[in-house]
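The residues making up each chain are set out below.
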Amino acid sequence: MLTKRIIPCLDIKNGRTVKGVNFVELRDAGDPVELAKIYAQQGADELVFLDITATNEKRKTLIELVEKVAEAINIPFTVGGGISTVEDVSMLLAAGADKVSINSAAVRNPQIIKQMADEFGSQCIVVAIDSRAVNGKNLVHTHGGSKATTIETEDWIKEVVELGAGEILLTSMDHDGTKAGFADELLSKVSQLVNVPVIASGGAGNMQHFVDTFKNGKSDAALAASIFHFKEIGIPELKGFLKQNQIEVRL
Amino acid sequence: MKIAIIKYNAGNIKSVMLALKRLGYEGVLTDDPEEILSADRVIFPGQGEASSAMKYLKDKGLDEVILNIKNPFLGICLGLQLLCKHSEEGDTNCLGIFDTEVKKFPNQLKVPHMGWNSVEHNNDACFSGIKPASYFYFVHSYFADICEQTIAQTDYMLSFSTVLKKDNYLAIQPHPEKSADGGEQFLLNFIKQH
Chain L
1 MLTKRIIPCL DIKNGRTVKG VNFVELRDAG DPVELAKIYA QQGADELVFL
51 DITATNEKRK TLIELVEKVA EAINIPFTVG GGISTVEDVS MLLAAGADKV
101 SINSAAVRNP QIIKQMADEF GSQCIVVAID SRAVNGKNLV HTHGGSKATT
151 IETEDWIKEV VELGAGEILL TSMDHDGTKA GFADELLSKV SQLVNVPVIA
201 SGGAGNMQHF VDTFKNGKSD AALAASIFHF KEIGIPELKG FLKQNQIEVR
251 L
Chain F
1 MKIAIIKYNA GNIKSVMLAL KRLGYEGVLT DDPEEILSAD RVIFPGQGEA
51 SSAMKYLKDK GLDEVILNIK NPFLGICLGL QLLCKHSEEG DTNCLGIFDT
101 EVKKFPNQLK VPHMGWNSVE HNNDACFSGI KPASYFYFVH SYFADICEQT
151 IAQTDYMLSF STVLKKDNYL AIQPHPEKSA DGGEQFLLNF IKQH
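Chains as they are written, first to last, in the UniProt record's numbering: chain L, 1 to 251; chain F, 1 to 194.
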């Protein structure tokens, strides 16, 4: 059976991990390659690298990092953050990334999704969506969730899949950082709207939240950052707990 | 040990090179017939679309080269599908090493079939050190039907061929280069076979 995936997310700035990490095994806690290797060894199913660098040097340092990660780990990984052109995607895939995720650029110009999918195949184009509830509607937000649009999340998801998105990474801004659980109601709704995998993001606080998002949210994968980085939850124990709860995982 | 990786218009070739490097081997990316035919091992990776890939292989004469290889040969993902008789993707006549058809997953499933799924195998030497029901990483929208040459299979609503074997030709649908320790073991078994 196809398993549910557990995906740690690493925020990257200037080629280094940001947000503190609490790993005694790490010689250099800011080295994304070392952290990636540990997660791969612990049984992470995939990794996501989100680049939040805002400088002109961004592209070069990111490409160098992707090359090092691709050399070091034997599981798939996705790279996101500021990707806006077919050329960006081409360079990241050539450097060894398995998938790329696009967010604000797709909202600005939805046709870019089609161009990227036509060029590289849907399987490597992830569309990341930041959603927040405003007056009873789920609205797409851009620029790291800071700018509201008038687009409804459910409509946007259908549109991006029609344009060729191969996977959806849905972050609930309402849940992100709360540690109160994933946005399972919204996730379950969108999972039934489209037939591509949906990754739940935002709100993970304990192991039961992962069970809930796989069972109630119908999510195909779950992404989290700080609870893994601060070792509040270890990946082996999380997978054991999921298995006990009759959720198929790779052990 | 000379390992040739066939260069054609399909993506995901770099990750195969890097996996070989982690295992201590150097792969040579090439579309030169002489170099491919003289290699000790040949890997045919790929991610892409069947009809354009077949057209490219034919234009370069690589279809004949692949059919004439005598040393161990490994197709991965699209590389497996192109070794079958025919693919529904672009209604493409393929190389015909394996006596089976490549079909699209039915619409009621999430497509692509993406992620880790378990592989039931027959303990062939290529699975040495790989437990039954081990997990491998898949990304594909088309699958090869089960046939006589199927030596491993996977369920995604229906059962399909995960690994096919005929003479010196071996092919695997998931990506061993991205399938953690089990995938690396599979690649090692392929390289180290006698």
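Honestly, the hints are just simulated from the structure, not real lab data. Do not take every clue at face value.
Unchecked claim - With a cut-off of at most 30 Å between alpha-carbon atoms, the simulated DSS-like pairs for lysine-lysine come out as follows:
id: 1; chain 1: F; residue 1: K14; chain 2: L; residue 2: K189
id: 2; chain 1: F; residue 1: K104; chain 2: L; residue 2: K158
id: 3; chain 1: F; residue 1: K58; chain 2: F; residue 2: K85
Here is what the structure says about each hint:
1. About 37 Å separates the Cα atoms of K14/F and K189/L, which puts this hinted pair outside 30 Å; it is violated.
2. Under the criterion of a C-alpha separation no larger than 30 Å, the hint pairing K104/F with K158/L is consistent with the structure, at around 21 Å.
3. About 15 Å separates the Cα atoms of K58/F and K85/F, which keeps this hinted pair within 30 Å; it holds.
Taken one by one, the earlier hints fail for this structure only at number 1.
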